[in-house]
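Asks: So you can see what is in the structure, the chains are spelled out below.
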Amino acid sequence: MTSTDQQPFLSVKDLKVHFSTEDGIVKAVDGLSFDLARGKTLGIVGESGSGKSVTNLTILGLHNPDSTEVEGSITLDGQELNGASESTLEKLRGNKMAMIFQDALASLSPYHTIGRQIGETYRKHTGASKQEARVRAIEMLRRVGIPQPDRRVDDYPHQFSGGMRQRAMIAMALVCDPELLIADEPTTALDVTVQAQIMDLLKDLQQEFGTSIIFITHDLGVIADIADDVLVMYGGRCVERGPKEEVLRTPQHPYTWGLLGSMPTLDGPVDVPLTPIPGSPPSLLNPPSGCRFHPRCAFANKVDGNRCATESPVLEIVDGRGNACHLTDEQRREFLADLAASKAN
Amino acid sequence: MLRFLVRRLLGAAVTLLIISAITFMLFYAVPRDPARMACGKVCTPDTLELIRHNMGIDDPLPQQYWNWLSGIFVGRDYTGIGNCNAPCLGYSFVNHESVLGTVKDRFPTTASLALGSSVVFLIFGIGTGMLAAVKQGKALDKIASSASLVASSMQIYFVGPVALYLLVYQTHLLDQPAYTPFTENPAAWFTGLLVPWLVLALIWTANYTRMTRSQMVETLSEDYVRTARAKGLSQRTVFFRFAWRGAMGPLVTIFGIDMGVLLGGAMITEKTFSLQGLGMLAVKSVINNDLPMLLGVMIVTAAFVVLANIVVDAVYAMIDPRIRLA
Chain L
1137 MTSTDQQPFL SVKDLKVHFS TEDGIVKAVD GLSFDLARGK TLGIVGESGS
1187 GKSVTNLTIL GLHNPDSTEV EGSITLDGQE LNGASESTLE KLRGNKMAMI
1237 FQDALASLSP YHTIGRQIGE TYRKHTGASK QEARVRAIEM LRRVGIPQPD
1287 RRVDDYPHQF SGGMRQRAMI AMALVCDPEL LIADEPTTAL DVTVQAQIMD
1337 LLKDLQQEFG TSIIFITHDL GVIADIADDV LVMYGGRCVE RGPKEEVLRT
1387 PQHPYTWGLL GSMPTLDGPV DVPLTPIPGS PPSLLNPPSG CRFHPRCAFA
1437 NKVDGNRCAT ESPVLEIVDG RGNACHLTDE QRREFLADLA ASKAN
Chain Y
883 MLRFLVRRLL GAAVTLLIIS AITFMLFYAV PRDPARMACG KVCTPDTLEL
933 IRHNMGIDDP LPQQYWNWLS GIFVGRDYTG IGNCNAPCLG YSFVNHESVL
983 GTVKDRFPTT ASLALGSSVV FLIFGIGTGM LAAVKQGKAL DKIASSASLV
1033 ASSMQIYFVG PVALYLLVYQ THLLDQPAYT PFTENPAAWF TGLLVPWLVL
1083 ALIWTANYTR MTRSQMVETL SEDYVRTARA KGLSQRTVFF RFAWRGAMGP
1133 LVTIFGIDMG VLLGGAMITE KTFSLQGLGM LAVKSVINND LPMLLGVMIV
1183 TAAFVVLANI VVDAVYAMID PRIRLA
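The listed protein sequences derive, respectively, from chains L and Y. Just so we're aligned: 1402 in my numbering is position 266 of the first sequence, and the numbers increase by one with no gaps anywhere. Just so we're aligned: 1038 in my numbering is position 156 of the second sequence, and the numbers increase by one with no gaps anywhere.
No lab work stands behind these hints, which were simulated from the structure alone. Everything numeric in this text was worked out from a predicted model, so none of it was measured. Every residue, glycine too, gets a C-beta built ideally from N, C-alpha and C. A couple of the hints might just be wrong.
[To be verified] If the Cβ cut is set under 8 Å, some of the chain L residues that face chain Y in the computed set are:
id, residue
1, 1226
2, 1239
3, 1242
4, 1246
5, 1256
6, 1263
7, 1266
8, 1267
[Claimed, not checked] Think about it this way: if two alpha-carbon atoms lie no more than 27 Å apart in a straight line, the pair counts; the simulated DSSO-like pairs of lysine-lysine are:
id, chain 1, residue 1, chain 2, residue 2
9, L, 1380, L, 1339
10, Y, 1017, L, 1152
11, Y, 1153, Y, 1166
12, L, 1232, L, 1176
13, Y, 1017, L, 1227
14, L, 1227, L, 1266
15, L, 1152, Y, 1166
16, L, 1227, L, 1176
From just these sequences and the hints, can you work out the full model?
Replies: Written as structure tokens, this is what we have:
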């Protein structure tokens, strides 16, 4: 037990995930590190194609081994996952670590009943009988708030509503009481009321079982709701990391400023136009030199000697807080104050 | 299920009615007189008229069609030949044999050919296709894909004689193709049909390899297959219980249609191996202007295709719970 006390529950160190394609090598994740403690929630934010989903599929070992090169280390509870055998990973998947996918309709098999899909995970990892698995599936459906679970257990996914399907998906992921739960945009396709219900459900389950959660989203509102820590990804790298309150209140990286600026607020004036980040996400086939955000960054010219284009900023984390940007702390305070002022006007 | 069956069977009856009517009309679209051919060299107008009457072709066309149709349900009286009990498909213009009897006689040959070869091409086609899908992009996949492309561009009338020459005449490895009823001698039935089965299956195997591969490749990239792996299920379980389940539907559809076609007679195969099945019967009845025989073969063949479609829809609904039978 001493070893688990010293090291975090999940630790990702200098993770690199490169795909070889016909056009060249795609550096989907390029040197990512983070830790996650037991019972905590890490929110990973970033635009589409920033490497959020790839990171988490790699943790579960669901990447295609033929075309993917994974470097670095992923340790779960002291066990190295990168390079672990398929049979080792099979025992962990769905059992110690589980995943909730974004599109529940596409992610559930249309050919099997909900009960069977929940039950087969349980049977695989516990060796339970069909009857026991069915009882367990009903119990799980009840726990995630499906009405009449003993009847709905024999339904097929297409007979469920969108919110219920996502609940069933959560039931499936939690059936073996996993210690790590990865939720890949689980609420993106749902309407706001259902979204709130699902978030509450996840929080309740986390409190009950002490599950560690990685929550992937591009919605900072969701992050504000559920996360303890936030990791902002851009172009396959982490650009800013820290406790939720600090990242949302005093963001340090211009990209995070952009993300926050492009988000509508309910308490602010309604006629303030949203400010989208100019440009589009970088090509991971041929990423920009230096800081990957510099072609879209409004502050790149404030750094001396064109360093943003030539020198890759180093992510320095002190007490779980840090950013990868060449701006000085002083500049940062000044620009952030300006931004706040312009928004208030 | 009952509603589905009733509805589809009614639809099938209408389809068959239309097909028989079209066959009937097409037969007479070419000016011809089957009686003149039956009459022989010394043919007086009286004899010709008598033959016409016996054949039942002296009536107006709608009447003739009605006679044929009602014969199926209530039987029919033929002057000079006798009474033909329901279901009556008439008698051949050429040799005056009962059409139903002839079709029944030929059908086992065609059915044996179709069933035997489909066992071969399903096993090898689906097996190779699955292997190719597992080894996607690897050498095995490339070999299987190229080989199936070559094989599917082969023709029976080429592969058939080559196979006969190599396997039968030169090496005597396999028996000369011939049909022996299964009930008479199962071993002879098997050895006699082996060469036609293999040749017919070769080309179809190629098609099924390609279809299976592409279906599997598609379903293997489905989200629900990824979910199954994320649950910790083994590659094997994921492959068969999830990916294959998804690939099955389209394959069943195509197999159903192919089976209907094969049961209607593989005429080129039958010709190549001198087997007397429905395919050869159809060709001969066209050449001989044998209307009752042609109609008989057409209606039986069409019935198989229509039936196969109904079975396919029912099976599809069993595979995919999203499909509702109505």
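Asks: Now tell me, hint by hint, if it's right for this structure.
Replies: Status of the hints after comparison with the structure:
Because the closest C-beta pair between residue 1226(L) and chain Y is about 5 Å apart, less than 8 Å, the hint holds. Using the Cβ-Cβ criterion of 8 Å, the hint placing residue 1239(L) at the interface with chain Y is satisfied: the shortest such distance is roughly 6 Å. This hint holds: residue 1242(L) has a C-beta 4 Å from the nearest C-beta of chain Y, less than the 8 Å allowed. Hint status for residue 1246(L): holds, given a least beta-carbon distance of 6 Å to chain Y, under 8 Å.
This hint holds: residue 1256(L) has a C-beta 7 Å from the nearest C-beta of chain Y, less than the 8 Å allowed. Hint status for residue 1263(L): violated, given a least beta-carbon distance of 13 Å to chain Y, over 8 Å. Interface hint status for residue 1266(L): violated, as the beta-carbon distance to the closest one in chain Y is roughly 14 Å, over 8 Å. Against a cut-off of 8 Å between C-beta atoms, the interface hint on residue 1267(L) is violated, since the closest Cβ of chain Y lies about 20 Å away.
Only pairs whose Cα atoms come within 27 Å are accepted, and residue 1380(L) paired with residue 1339(L) is accepted, the gap being roughly 16 Å. Under the criterion of a C-alpha separation no larger than 27 Å, the hint pairing residue 1017(Y) with residue 1152(L) is consistent with the structure, at around 26 Å. Using a Cα cut-off of 27 Å, the hinted pair residue 1153(Y) and residue 1166(Y) holds, with the two alpha carbons roughly 11 Å apart. A C-alpha spacing of about 15 Å is found between residue 1232(L) and residue 1176(L), which places the hinted pair at or below 27 Å, so the restraint holds.
Annotation: proposed proximity of residue 1017(Y) to residue 1227(L) holds, straight-line Cα distance about 24 Å (limit 27 Å). The hinted pair formed by residue 1227(L) and residue 1266(L) meets the criterion: a straight-line CA distance of about 19 Å does not exceed 27 Å. For the suggested pair residue 1152(L) and residue 1166(Y), the alpha carbons sit about 71 Å apart, so the restraint of at most 27 Å is broken. Restraint check for residue 1227(L) and residue 1176(L): satisfied, since their Cα atoms lie roughly 23 Å apart, inside the 27 Å limit.
The structure does not agree with the numbered hints 6, 7, 8, 15 stated previously, though it agrees with the rest.
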